[in-house]
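Enquirer: Below, each chain spelled out in residue letters.
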Amino acid sequence: MKKKTLAAMLMAGAMCFGLLAGCSSNGGQTSNPPASDAGTQESQPANQGGGFDVVTIKVGGIGPITGDLAQYGTATQWGAQIAVDEINALNGPIRLEYDFQDDTGVTDTAVSAYNKLKDWGAQVIYGCTTTAPCVAVAAETFADRYFQLTPSASSPDVTSGKDNAFQMCFTDPGQGTAAAEYLKSTGLGSKIGVIYNNGDAYSTGIADAFIAKAKEIGLDVVATQTYPDDKTTDYTVQLTACKDAGADLVFLPIYYTPASLILAQAKQMDYAPTFFGGDGMDGMLDMDGFNKSLAEGLLLMTPFNAAGTDERTKTFVETYQAAHNILPNQFAADGYDCMYAIYEACCQLDGIADMDHEQLCDALITLFTGGDFSVDGLTGTSMKWLESGEVSKAPVVVKVVDGVYVTQ
Amino acid sequence: MSFLNNVITGVSLGSIYAIIALGYTMVYGIAKMLNFAHGDVIMVGAYVCFFAMNSAGLPPVVGVLLAIVVCTALGVVIERLAYKPLRAAPSLAVLITAIGVSYLLQNGAQILWGAATKTFTPIVSTDPDARLVLIPGQLSISYVAILSIVCCVVVMAALTLFTGQTKMGKAMRACSEDKGAAQLMGINVNSTISMTFAIGSALAAVAGVLMCSAYPILSPTTGSLPGIRAFTAAVFGGIGSIPGALLGGVLLGVIETFAKAYISTDLSDAVVFAVLIIVLLVRPAGLMGKYVPEKV
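Protein chains in written order, with the numbering used here: chain A, 1 to 408; chain B, 1001 to 1296.
A few of these clues could be false.
Going by beta-carbon spacing under 10 Å, a handful of chain A positions derived as facing chain B [to be verified]:
| hint | residue |
| --- | --- |
| 1 | W120 |
| 2 | Q238 |
| 3 | M287 |
| 4 | D288 |
Reference listing, derived: stretches of chain B covered by chain A, where coverage requires no fewer than 3 residues with Cβ under 8 Å from a Cβ of chain A [what the hints assert, rightly or not]:
| hint | region |
| --- | --- |
| 5 | 1105 to 1117 |
| 6 | 1257 to 1266 |
Don't read these hints as lab results, they were simulated from the structure.
For glycine and all other residues, C-beta sits at the position ideal for the given N, C-alpha and C.
Bound-form chain A, shown alone (with noise of 0.2 Å):
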């Protein structure tokens, strides 16, 4: 019951923050002051001769904003957030109506936010945050013809056979070959180990990807460990494994908290491997009362730095703390791209006034599938569409040192 009444207070709370969007920007729209600000991001040819149609596209995000997930689904929440402003602030002539449900991780709950969202109005959808309610959502969509852009929801799955799904994030697979091609390019580790959640599929599809890669280009993977889930806590017999085998690098295609346990356990242990983690390790050091000393050197690959000395990074991180109080993490940076992605493709589309959501889905594909729609955005530059739905863009090492991260 309290679930339910969170769930309606933060959904009220998103719904008056779309009132309030939408208020500012026909506000905008009456006055129509030519703001000297406006063009400094993104210039639009329409924006500078002003006397333009300004047309609001209302985006519906879904994601797990409570439950056991909700750490995700909020920062997914909040990153868009923050792009749906600054876009409604250039006063182009795309403007973003924003509207996010609560999923809490569950794929049933996920297809009623769906359909709350489609009786909102939603053109597009934004989400989900997670891969399972992700592929319940895309198999709506593909049918009723709406097109959907996860920030995070990684396993192909959840674009496979549906031509309307896009994903901002690296594909599971796609981690785990780059990771074994990182490794096999710098030379890190000549004796490898893996660690992996045998429970769930982000973390089977990175390694089974990485083990068969791994095999195929001469990686030598001396031990493979499984735990079943990611409440395990203690994790000395994966460890004990990996170091009797040998192991200089133990990969751990997992998420932070399981990771930061290993990291703790090895220490205790008195083993000190090279740790190389993928996305899902973002975040550990921003975990309160997190010991940045035990993540010292560890690698991982994730699309963004929050330490990053860009223009654009700098302003998000520091818009995402002033409201939070935390950190961004990639998810937030995902998010904010996804609204990027959304808006910059709505730009370039002729007639979008008079488009209903099953042709903007189908001229939304026509164009992130041409090869000539590229984005800049946060977790990465130029980054391009396949036809399968996947993202191409350059994977990014990271390694702690000192308890920041920095580029390799």
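Fit chain B to the supplied structure of chain A, relying on the hints for placement.
Expert: Same frame as chain A, now just chain B:
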């Protein structure tokens, strides 16, 4: 040597289960209800200690004491508000209420303290050299493990004395045997039940701090899985029996650790529950439970 190391890991993990199991078993013994919110009281205790140490900068001992005080109060309040009005209701209603309280605590913790996982600062050092070396290079016990085992033994001894020797303890046993008769003998059943909840919740705070010191992550759902394991331990040892909780907890910890080390890290839970099923087939009331045949 790895065998002995596994025994030590298992016993220290089992000691924590045993302390949690005590809370289940005492409440069941007296109120005949399964308090599924018990696991979440553990989580609250760990959070209180976390904030006392990390935000207020208090020493660990004060943090633990504060956690015990808060959890004791919480346990009594939960009992008063959620379970006492249902004293005469069917046991299924109480069970559902307990599940509701469990969700209330989890989601309340999430609103208050956020969903993001926190790293608990162990109350005793967990550095590689913070251990008692028995055989250099081969066999050693970490201080956290020693603390868990010692706490468990002390708690068990104190509880046995309490229920055996004190007036309140005797009242508890009387209530668990026959509530109606106890009331007729002048025992205040309601305050006895409150007392049971207070003791169980205080133990939950201790267990929460110990558990998070051994495995230093803390989130609003931290308590649910150990809660279920400890409930299993209580059933295993014979629910309602205090020595049974100790035996069940330690055995569960050892079996779990052995299953992970020698059978499969993925199947350890399955092995634990298979053992539980076999034990219950042979001894339906658990290892040390009293089997009372029901007359029809």
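Enquirer: Hints first: check each against the structure and report whether it holds.
Expert: Structure-based check of all given hints:
| no. | hint | in the structure |
| --- | --- | --- |
| 1 | W120 | violated (25 Å) |
| 2 | Q238 | holds (6 Å) |
| 3 | M287 | holds (5 Å) |
| 4 | D288 | holds (4 Å) |
| 5 | 1105 to 1117 | holds (count 8) |
| 6 | 1257 to 1266 | holds (count 5) |
When held up to the earlier numbered hints, the structure conflicts with hint 1 and nothing else.
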